[in-house]
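Number of protein chains: 2
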Amino acid sequence: MLIVQKFGGTSVGDTDRIKNVANRIKGYHERGVQVIVVVSAMGHTTDELIDQAAKLNPDPPRREMDMLLSTGEQISMALMAMALEAVGVPAISFTGAQIQILTDGHHSNARIRDVDTTRLKESLAQKKVCIVAGFQGIDEKQEIMTLGRGGSDTTAVALAVAMHADECEIYTDVDGVYTTDPNKVQGARKIPQISYEEMLELASMGAGVLHNRSVELASKFGVTVHVRSSFNHNPGTLVVPEERIMDMEKITVRGVSLKSDQARISALDIPDRPGLAAGVFGKMAESNVNVDMIVQSSGHGGKNTISFTVPSASVGTARGLLEGFIKEIGGGNITVEENIAIVSAVGVGMKSHSGVAATMFQALARENINIDMISTSEIKISVVVSNTQARQALAAVHAAFGLDGNA
Amino acid sequence: MLIVQKFGGTSVGDTDRIKNVANRIKGYHERGVQVIVVVSAMGHTTDELIDQAAKLNPDPPRREMDMLLSTGEQISMALMAMALEAVGVPAISFTGAQIQILTDGHHSNARIRDVDTTRLKESLAQKKVCIVAGFQGIDEKQEIMTLGRGGSDTTAVALAVAMHADECEIYTDVDGVYTTDPNKVQGARKIPQISYEEMLELASMGAGVLHNRSVELASKFGVTVHVRSSFNHNPGTLVVPEERIMDMEKITVRGVSLKSDQARISALDIPDRPGLAAGVFGKMAESNVNVDMIVQSSGHGGKNTISFTVPSASVGTARGLLEGFIKEIGGGNITVEENIAIVSAVGVGMKSHSGVAATMFQALARENINIDMISTSEIKISVVVSNTQARQALAAVHAAFGLDGNA
Numbered sequence: 005m006l007i008v009q010k011f012g013g014t015s016v017g018d019t020d021r022i023k024n025v026a027n028r029i030k031g032y033h034e035r036g037v038q039v040i041v042v043v044s045a046m047g048h049t050t051d052e053l054i055d056q057a058a059k060l061n062p063d064p065p066r067r068e069m070d071m072l073l074s075t076g077e078q079i080s081m082a083l084m085a086m087a088l089e090a091v092g093v094p095a096i097s098f099t100g101a102q103i104q105i106l107t108d109g110h111h112s113n114a115r116i117r118d119v120d121t122t123r124l125k126e127s128l129a130q131k132k133v134c135i136v137a138g139f140q141g142i143d144e145k146q147e148i149m150t151l152g153r154g155g156s157d158t159t160a161v162a163l164a165v166a167m168h169a170d171e172c173e174i175y176t177d178v179d180g181v182y183t184t185d186p187n188k189v190q191g192a193r194k195i196p197q198i199s200y201e202e203m204l205e206l207a208s209m210g211a212g213v214l215h216n217r218s219v220e221l222a223s224k225f226g227v228t229v230h231v232r233s234s235f236n237h238n239p240g241t242l243v244v245p246e247e248r249i250m251d252m253e254k255i256t257v258r259g260v261s262l263k264s265d266q267a268r269i270s271a272l273d274i275p276d277r278p279g280l281a282a283g284v285f286g287k288m289a290e291s292n293v294n295v296d297m298i299v300q301s302s303g304h305g306g307k308n309t310i311s312f313t314v315p316s317a318s319v320g321t322a323r324g325l326l327e328g329f330i331k332e333i334g335g336g337n338i339t340v341e342e343n344i345a346i347v348s349a350v351g352v353g354m355k356s357h358s359g360v361a362a363t364m365f366q367a368l369a370r371e372n373i374n375i376d377m378i379s380t381s382e383i384k385i386s387v388v389v390s391n392t393q394a395r396q397a398l399a400a401v402h403a404a405f406g407l408d409g410n411a
Numbered sequence: 005m006l007i008v009q010k011f012g013g014t015s016v017g018d019t020d021r022i023k024n025v026a027n028r029i030k031g032y033h034e035r036g037v038q039v040i041v042v043v044s045a046m047g048h049t050t051d052e053l054i055d056q057a058a059k060l061n062p063d064p065p066r067r068e069m070d071m072l073l074s075t076g077e078q079i080s081m082a083l084m085a086m087a088l089e090a091v092g093v094p095a096i097s098f099t100g101a102q103i104q105i106l107t108d109g110h111h112s113n114a115r116i117r118d119v120d121t122t123r124l125k126e127s128l129a130q131k132k133v134c135i136v137a138g139f140q141g142i143d144e145k146q147e148i149m150t151l152g153r154g155g156s157d158t159t160a161v162a163l164a165v166a167m168h169a170d171e172c173e174i175y176t177d178v179d180g181v182y183t184t185d186p187n188k189v190q191g192a193r194k195i196p197q198i199s200y201e202e203m204l205e206l207a208s209m210g211a212g213v214l215h216n217r218s219v220e221l222a223s224k225f226g227v228t229v230h231v232r233s234s235f236n237h238n239p240g241t242l243v244v245p246e247e248r249i250m251d252m253e254k255i256t257v258r259g260v261s262l263k264s265d266q267a268r269i270s271a272l273d274i275p276d277r278p279g280l281a282a283g284v285f286g287k288m289a290e291s292n293v294n295v296d297m298i299v300q301s302s303g304h305g306g307k308n309t310i311s312f313t314v315p316s317a318s319v320g321t322a323r324g325l326l327e328g329f330i331k332e333i334g335g336g337n338i339t340v341e342e343n344i345a346i347v348s349a350v351g352v353g354m355k356s357h358s359g360v361a362a363t364m365f366q367a368l369a370r371e372n373i374n375i376d377m378i379s380t381s382e383i384k385i386s387v388v389v390s391n392t393q394a395r396q397a398l399a400a401v402h403a404a405f406g407l408d409g410n411a
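So the protein sequences, as listed, match chains X and P.
Numbers in this note's numbering are just positions in the first sequence, counted from 1, shifted up by 4.
Numbers in this note's numbering are just positions in the second sequence, counted from 1, shifted up by 4.
Think of the hints as simulated: they come from the structure by calculation, not from any bench.
Any given hint could be a false lead.
It does not matter which identical chain is meant; a pair holds if it fits inside one copy or across any two.
[To be verified] The calculated BS3-like cross-link candidates involving lysine-lysine, where the alpha carbons are at most 25 angstroms apart (straight line), are:
{"#": "1", "residue 1": "Lys23", "residue 2": "Lys131"}
{"#": "2", "residue 1": "Lys23", "residue 2": "Lys59"}
{"#": "3", "residue 1": "Lys224", "residue 2": "Lys131"}
{"#": "4", "residue 1": "Lys307", "residue 2": "Lys355"}
{"#": "5", "residue 1": "Lys224", "residue 2": "Lys355"}
{"#": "6", "residue 1": "Lys131", "residue 2": "Lys145"}
{"#": "7", "residue 1": "Lys224", "residue 2": "Lys132"}
{"#": "8", "residue 1": "Lys132", "residue 2": "Lys331"}
{"#": "9", "residue 1": "Lys355", "residue 2": "Lys145"}
{"#": "10", "residue 1": "Lys145", "residue 2": "Lys132"}
{"#": "11", "residue 1": "Lys59", "residue 2": "Lys30"}
{"#": "12", "residue 1": "Lys307", "residue 2": "Lys132"}
{"#": "13", "residue 1": "Lys188", "residue 2": "Lys125"}
{"#": "14", "residue 1": "Lys132", "residue 2": "Lys59"}
{"#": "15", "residue 1": "Lys131", "residue 2": "Lys30"}
{"#": "16", "residue 1": "Lys355", "residue 2": "Lys331"}
{"#": "17", "residue 1": "Lys307", "residue 2": "Lys331"}
{"#": "18", "residue 1": "Lys194", "residue 2": "Lys254"}
{"#": "19", "residue 1": "Lys194", "residue 2": "Lys125"}
{"#": "20", "residue 1": "Lys23", "residue 2": "Lys287"}
On a predicted model such as this, the values are computed, not experimentally measured, just so you know.
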């Protein structure tokens, strides 16, 4: 049996925690399980390095940032190897370069193309635990590349794919994926199994214990990902293909998420012509404005209305871009509604259940919460509410779908 | 013109110092000088990493130590590249792996075999300052190797050799090499020029501002090494071939060094037979006992006496080894004299001057300092004195050769 285990920054936050993780790995090794460990940088190492860089250069070259940040994982992996050897487990660490985690050439946000498994297989055959630096790879010119925030998750899944691992365990500081944020709703419960699609929708809404790209990769190759805590031995959440989920009773909504501090921008009475939306949102993407919900109401009188949400911090940029665009196409008015939040219910089960939207809207109505905007997809219903009513809305929707166990 | 500049840990101790160094390099770059920069790890980074390793494993695998420690230089070089870019100097950093600083396979004490200059030449042609991680290389299997303490000096000289640089500047926190330790003798003065051989003798005696292996390498290829401070623009000390030194007046003694806290061990009345010394000191070397002076008095009656000095910390080990050896060969007594020090006068000039030894001994006699042991070579005279009189002896010898300017 071969398992890839990824330990995040909190799990390797100091030498005591590294020892703790080493003992956990030892347990697997003693049972004859082959283990490949992927480590993140210790605790706040990455942030500290970023701070140092900022002191020297407000806009540091991305190549050099990658050079700098990749040291964090290299430190963790060497220390982890030492900790394993100290408890009698033979171990060997590898940089991204040493096992040729080949990426494209996009510094600070590279994507993995291939992994050379030769040295890993050799070392596993020698009964060694292999430790691999997360978050890093190299391009064809042997330039050091990083995979972006959360990239260690992607490293772990990529190794699980390349090595045909039986499972990929992602160790973090929470017990798994919850039906909603336990800090915001008391009745939040751990989800035993979740599909890739549900995980993606929940993660992108800020419930993120797993990096989205890692879930996409796992989905593509059908890798079972087990999200669990490194501080206890409780089973966590299994992220699996939809068809593999066994619910005693089919669940319609798997989880409810909240995204606060958003703003809605609307362009009213703009000419209705093809390519309009592409034009607006193309400009937003170019300027790295993260647009979430988009709703276009059907035009009347040849005029159209498009509304969309952006994070509060991007309102200025988004508004500016939109104003320029409206001038170009001749006509339209802009309104901005700040201090809004998005509440989303996610579940593959809702595909086959009617009435999910109705349940959600009724729950909000009962609490006198006004819905400002609605958007639905196959497995997700999102509503915009005011920031001040956001938590109340979250709890109401969470309860309405019986996720707090009181259905 | 091409210069290799090496900046030690103190010179890049924090971001302000890195900025300071970046501005210094900018001055060279603006004058059209091609610059290759070698950096050490920042300040106490290496020690901190060693401490962390020690917490996890009292005897960490050397491969993993190299993996760990090599991150220190990688951090410095990336930050240095950012600092240079911030002041408008195009820069690019390279790990030992990226420019294939090829070493042998001795982890933690590897020796450089070759350097691939392709990327350096390419980058210099693009008017970039190249920054190279000191202290590290890779072996044929792409394993990360470190060169041992002070290894960054060796990296700098090796690059100067490979790139046919015009000069190799070693920036440190002192102004250059002094006639003796300025903290111990008030009259100590900076030496403008010193030969490789003199530097080697002084460095190995603890006057070490330059790593010995770097001096050996510079000597082998005739590289001019300029030891100077990164905190001012004073000229430092040039380390050059003996024949290139221009002294208005030939100097016999270039410097005087002191090595405190040593011990003398003597084996008396041991059988006089070939291979004896080889046997004794072979064992010492195997156990990493650093033997310095060795004196063997001519045997009489088929019996022999060998005396040698070791650091105080090694007395126990050395004595134990010697006792075992004496049992083996049947006969002899051991005496140990602790709390001694070695004062050495070094200078290539003494080869052609008689009376140097006499001057030294007279100076010590005038101060009523007893000489316990004497050893001489072509360019060095060493005497053993008691620890308590060591500083007095150092000052007396320093003055006797006019090194304090009062000759």
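Evaluation of the provided hints:
no. : hint              : in the structure
1   : Lys23 <-> Lys131  : within (20 angstroms within a copy, 47 angstroms between copies)
2   : Lys23 <-> Lys59   : between (33 angstroms within a copy, 9 angstroms between copies)
3   : Lys224 <-> Lys131 : neither (30 angstroms within a copy, 45 angstroms between copies)
4   : Lys307 <-> Lys355 : neither (33 angstroms within a copy, 100 angstroms between copies)
5   : Lys224 <-> Lys355 : within (21 angstroms within a copy, 77 angstroms between copies)
6   : Lys131 <-> Lys145 : between (32 angstroms within a copy, 20 angstroms between copies)
7   : Lys224 <-> Lys132 : neither (29 angstroms within a copy, 42 angstroms between copies)
8   : Lys132 <-> Lys331 : neither (65 angstroms within a copy, 44 angstroms between copies)
9   : Lys355 <-> Lys145 : neither (47 angstroms within a copy, 54 angstroms between copies)
10  : Lys145 <-> Lys132 : between (30 angstroms within a copy, 18 angstroms between copies)
11  : Lys59 <-> Lys30   : between (41 angstroms within a copy, 18 angstroms between copies)
12  : Lys307 <-> Lys132 : neither (67 angstroms within a copy, 56 angstroms between copies)
13  : Lys188 <-> Lys125 : neither (45 angstroms within a copy, 58 angstroms between copies)
14  : Lys132 <-> Lys59  : between (41 angstroms within a copy, 22 angstroms between copies)
15  : Lys131 <-> Lys30  : within (12 angstroms within a copy, 51 angstroms between copies)
16  : Lys355 <-> Lys331 : neither (41 angstroms within a copy, 89 angstroms between copies)
17  : Lys307 <-> Lys331 : within (15 angstroms within a copy, 107 angstroms between copies)
18  : Lys194 <-> Lys254 : within (17 angstroms within a copy, 85 angstroms between copies)
19  : Lys194 <-> Lys125 : neither (35 angstroms within a copy, 57 angstroms between copies)
20  : Lys23 <-> Lys287  : neither (49 angstroms within a copy, 38 angstroms between copies)
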